[in-house]
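A.B. asks: Chain residues, written in single-letter form:
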Amino acid sequence: MKKTDLIKIILLWCLVALLSAKVQPRTYTGGTSQRLQSKAEVKQSALGIMLGEFRTNLSDMFYMQTENFMHYGVAFLPHNHEEHSHTSDMLTDTGMAHIEGEDETHDHDHGHDHERDHDDDHDGDPHHDHEHEVITVIPTAEKDYRSWLGNLHRQIKPWQAPGESHQLARDVEVVPLFRMMTLADPHYVRGYQVGAFWIQQLDVSAAADFIEEGLQNNPHSFELYLMRGLLNVKKARSMGEQGLIDNGNAAQQALLECARGDFQQAAEYMMQVRPALEVLEDEAQTLWSDDQETDAMAVVYLWVTLEKRIGNEARALELAEKYCRVMPDHKQLHVLLQEMGP
Amino acid sequence: MICRQLFLVARGVWLEAIRRKEIYVMVLISCGLIAALAQVRFFGLESLSKFYRETTLHLMSLATTFTVIVLASRQLPREFETRSIYPLLARPLHRGTFIVGKLLGVWGAGIFCFGLFLMIYIFGSLSMGAPIYPMLLLQHSLLQVEMLLVIVSMCFLLSILVNLDAAITFGSLIYLLSSAWVTFSNQIYGSADGMLRFVIRMTSWVLPQFMLFDLSEKNVHGDVWGALPWWVLAQMTGYALLFSAGYILLSFMIFKRREL
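From first to last, the protein sequence lines stand for chains A and B. Quick note: the first sequence uses numbering that gives the first Met the number 0, first residue 0, plus one each step. Quick note: the second sequence uses numbering that gives the first Met the number 0, first residue 0, plus one each step.
Hints in this document: simulated from the structure, not taken from any laboratory. It cannot be assumed that every hint is accurate.
[What the hints assert, rightly or not] Mimicking SDA-like on lysine to any residue, the simulated pairs with C-alpha atoms at most 25 angstroms apart in a straight line are:
1) A:K142 / B:F209
2) A:K142 / B:Q234
3) A:K142 / B:F183
4) A:K142 / A:D170
5) A:K142 / B:I199
Could you build all of it, start to finish, from the sequences and the hints given here?
C.D. replies: Structure (structure tokens):
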């Protein structure tokens, strides 16, 4: 080896070391997972349909895999309708439906779109029946040109006729997939959010750690602050007898105070990213998803409710008035405002 | 006499597989991955096993298939390249026996690999306390073994038609894209015109649909899916034998005409 070659190698080595010291993978904000517009484009792409689970990036692939897990392996074509709102489930699961404590028969419809939610009849049932007609990857016998090969395919793979009501597993086995998808894309907020929902069913502390990791990677995500607040409420409720909040319990009150701070922070970040009303009406599909709006409504409702619960009635009233103007369609908040009104 | 000749040819394949280091590497890496995956505890949570089972079953299938593709594609070109086919065929050894012996050798090596992975999978599942569905696992193994037979015979045919590298590449592509092609053709068939429909139908009968030999999803979600009915297994066995016989027959016919 010539002396000049050796010098070149050393220089190259130094350059690589210098450049790699500057590499910060977590500052990368690209990827299709974050932008709804990109997702919509991918879903219309013929190539995307052809390549099935490889149609988007790795993170989306893991997210789609969770759907397979939830349907016991039955593969459906990509569809826009989400099976359920995890925020809604989380509200019930963390006991926010009973945040008032005294009123156990309180209406469960807290700040979220109830039509998207599960039937309350299914609570506690590990399986949920769904009536939405979604198309399976393996076609029905009538649409399958392969005749007996198609029949074999439907026998060998998990398959259900699209029209039949299909079972939806509430299975914590999806948890590893959320770990993988957030490792693949640390800015996949929905992965952290839905993942934490599943993890908290087994271990609230592990879910809280997962959300903390999500917040480190996405410090301005209002959805993750919402989730952290809900987890704090769940922790507080787990300390009380029969899950009730006791005003004299300092630990519970401290956690509720943390939750209040989370909801406040969430509301502030939400207002920074939520488009104006007139924009929402025109381009709601690409700029702001239904899930985000559900979360936004939950954030303000929970903040107002918690302020009221802590005893800041005036602050709660002020906030309710403010957010009723911002969200004129938020029925539950309007009802709350009427209850609190002078 | 023929049985002995078949055994001797097959033994030659096994000895070569032992000598070749890349097969070891592929199998050892896969075994290591499967064993390591069994040790992962997501968020420190116990009793999560579906991810392990699903990943492992796919890894087992993928690693075995690639091992077999490499091994099968190499058999005939290597014999010509090293000229070892001449002393072999100088003996009273029929060319058909030679090909079938090679087929059994590679198939046997594939079954050995799969069996090894299967043992690690079962051990890993048991150590995690994960459920195993014996009948589904047995049926999955049987289908995988049948798939290996089809792949070996397909790679033999490819290796006679094209060179070694192309045979490995085509074999891998056909295996990997088989599932995507079926999904795609199902989607476009309704909107395709007469000619395209003919092409789609032709490919579905000429190319084997490898995803039919994969029962891993039902093994993962075995709590809701039962074992396959016997007639499905019988039809799949027939399907595998038909493709394998067709490929081997074609390989033999071309090999027979080939000048040595």
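A.B. asks: Could you run down the list of hints and mark each one as holding or not?
C.D. replies: Hints versus structure:
no.	hint	result
1	A:K142 / B:F209	holds (21 angstroms)
2	A:K142 / B:Q234	holds (22 angstroms)
3	A:K142 / B:F183	holds (14 angstroms)
4	A:K142 / A:D170	violated (32 angstroms)
5	A:K142 / B:I199	holds (14 angstroms)
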